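> Note that the protein sequences, when read in sequence, are chains A and B.
With the first letter of the first sequence counted as 1, position 326 gets the number 326 in the working numbering; the numbers rise by one all the way through.
With the first letter of the second sequence counted as 1, position 349 gets the number 349 in the working numbering; the numbers rise by one all the way through.
The hints are simulated quantities; they were obtained by calculation from the structure and are not laboratory data.
Fair warning: this is a prediction, and the values are worked out from it, not measured in the lab.
All the pointers check out, no bait thrown in.
A pair holds if it fits inside one copy or across any two, identical chains being indistinguishable in the list.
With a Cα cut of at most 20 Å, we get these calculated DMTMM-like pairs of lysine to aspartate or glutamate:
id, residue 1, residue 2
1, 323, 286
2, 407, 369
3, 270, 322
4, 156, 418
5, 253, 324
6, 447, 327
7, 250, 322
8, 253, 330
9, 33, 392
10, 236, 203
11, 323, 280
12, 277, 450
13, 238, 450
Protein chains: 2
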Amino acid sequence: MNSKGLQKIFNPRSVAIVGATTKTSKVGYVVLKNLLDSGYEGKIYPINPKYEEVLGLKCYKSVLEIKQKIDCVLIAVPAEAVPQVIKECGEKKVGGIVVLSGGFEEVGRQDLAAQIKEYAKTYDLPIIGPNCLGIYNPYSKIDSIFFPFYKMNRPKPGGISFVTQSGALGSVMLDLAAAYNIGVSKFISYGNATVLNESDLLEFLGNDKKTKTIILYIEGVKDGRRLFNVMKRINKKKPIIVLKAGKEEKGKKAAMSHTGNLAGNYLAYKAAFRQAKVVEAKDVDELFNLMRIFSQPLAKGKRVGVITNGGGLGVLITDAVEKEKLELIEFTKENEQELRAIIPSYANPRNPLDMAADASVEMYQKAIEYYLKNNNIDLIVVAILFQTPTLDERLINVIGEAVEQKKKPIVVVTIGGDYTEAYRKIMESKGIVTFSSPNAAVKTLRKFVEYSYYIRCQINHLCEFY
Amino acid sequence: MNSKGLQKIFNPRSVAIVGATTKTSKVGYVVLKNLLDSGYEGKIYPINPKYEEVLGLKCYKSVLEIKQKIDCVLIAVPAEAVPQVIKECGEKKVGGIVVLSGGFEEVGRQDLAAQIKEYAKTYDLPIIGPNCLGIYNPYSKIDSIFFPFYKMNRPKPGGISFVTQSGALGSVMLDLAAAYNIGVSKFISYGNATVLNESDLLEFLGNDKKTKTIILYIEGVKDGRRLFNVMKRINKKKPIIVLKAGKEEKGKKAAMSHTGNLAGNYLAYKAAFRQAKVVEAKDVDELFNLMRIFSQPLAKGKRVGVITNGGGLGVLITDAVEKEKLELIEFTKENEQELRAIIPSYANPRNPLDMAADASVEMYQKAIEYYLKNNNIDLIVVAILFQTPTLDERLINVIGEAVEQKKKPIVVVTIGGDYTEAYRKIMESKGIVTFSSPNAAVKTLRKFVEYSYYIRCQINHLCEFY
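Just chain A, with the same shape it has in the complex (with noise of 0.2 Å):
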């Protein structure tokens, strides 16, 4: 793989865009006009023999015609015309291409990819796609997603970075990651895989410093020995959450006529994830939680203390305590005598413990400290009805605070409409991981205390989960 060329790819100091056009509704109106509103600092080629300029910008005929050197080459134009675009960009060396125009193996043009093949193997091109959304990073502002800003919010700089096979799956992320105001490193969505595909690009990751989680979409896989091989070496040093699609026999069809590509046996990709300990997301908002998590400290085992100030959100979060295998830890007499001192005379001092709806900010703040300091308690699920009249932002603040000593994983569930969610909001772009449901918080805790064991056994030489 030319690794070097996806570096130029992801910091492009020029960009040419085959298929630029004044058409509004057109990929290539809109890859440029959100390159151009982006802050992008590098040069921007638009090419189209169509027209002499494009929104202010000089328009050449082919890449052929520009002197500059171009590190970057986002695609735009009907299937037919992609293997010549190739072509040309191999006769010029650009560093690395994205073909973003469908109509390719998804719908029985082999001969097409082949000659994408090719060209690819001649000039020893660095390609991405086609049929995919492609690149997006918000460190270069390098951004080949067709949609409008207006439409989908571009996330912020951070640690997470997606290798999707579906545009659709990947961008509806990246828009969620935007609305909570989650960091974003690299966003690579990959389509049919002609050239490069998910082991490249899971392998490109690996080496990138900015990218601390891995998020991974597949639908079909060339090489799954391969693709095996990279999770488990990658996963070691960063998490891998992976999104397997096409797993029954329709979802492969529809697979197949989606990206092109074999799904191939579910099974048998769930034994490799097991065996690699990659983390598996079973749906859309299970990923979008899961890869929340991993902003938190690696867990110590798997003993979970409660805090809430709505008694039911305590009950069902405890249910799913047990039902996920974790451990609700009972209190000792001492630790009661304690907890009595913090919380209102008619609360109980258990676990969940269980303020009711008057508790205060100060109530909080003392039991989450309490709930630190308390060695027999490993993970901390703070559930919050912001709606009682005795709560206010200042509670923020104080969870905050306990997240940023990094002592303890803390997740907070609450659940509610504008001004709960507006609260959520302001919580994630702060670093706290929030749930709105108390399920998907512990199903998301469990499978982050299964790898915070598999880590901390590859160092301690420790204990399996079971």
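Assemble chain B onto chain A, guided by the hints.
Only chain B this time, still in chain A's reference frame:
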């Protein structure tokens, strides 16, 4: 049960608030303030011997001091003082009582609870609570929920009613309903169920003409046999969606210290739910999903048709359909020809129908019309990536018109940040059922199909789902 009293509680011409106060963080203040701000048109009597006046209203020493009839008494005084207040309410012959205060069975004060029961019997008083959030009726504007409006919106009038043992759980559901503009009929948080229990309240809602769907959250139940019979009878007319908490051992203990009720054996509950054919939700988010799906016409079968502009979403939905044992129909050659006239040339006329990222509103419209006409499709899932440049809000009208025909259940799957979420809320307020997760959508449809089969079997002497 004194059901005339319940009528009075929910449609009171006069309300007394015992424990009304000027202290802004107290229940007695928030409830009075909310009633004044809500547009409630009946007479309001603050009661507290300490004040001459509260919030501009004359304040009374006790209910006995008031000459006029009182339909509904809301009590927010310390537990010790509650029995005496109830005794006076009995002497005054009020319509009914809601006790908001906590400090009874849940903290071992069975003695106080016994006194409440005794007076309820002596004076034939319907009493909701104690240890609860009480009631809300958007039609009459009666509202005892002691959470300020700016922290928790109240939903508009509609057909969904709640019977919930947990105030927290109930309030987050109401708050979500308000955020998505979903209409509600009656809300009842009943806490310790000292006098009126879940069965009494279900009976009341069974007879309430405005109630179309019933949400039930229970932890512990005293008379399981009666609940089973009541559920079974009412569920045939109006779907009952139940969430049971306190399933696991520690969850049961948490439930006991929450509302002072034994949570019992979950397997027995589960069997009862199955036999009564009520719809069981496994978590808060599933409860929110199931609550909305019953606005759709009952399903005639389990054959699913999917339309999308995001291939990955189509694959994930397909996987879920198969996993949930619904049926993804395969199109005939004839269907395929008909579809080719609608979709772009590069798309495949298959189910899921993936019209790719440049699908237009018009394509969606034609596809939905085709799916509505096709008699082999019982349920329609429309997955939308609103982030693409070619879609706009006209699609909401297209789907709204399809839903209004009430021919088949239609649901939307759409996931994203602020823009998509805004559109999702608009859709919900127009009666379109939306989901932000493919799995959640299909799981909800599965349970909806099961209920549909059950009801259709009653009528047609047909079939079981399996």
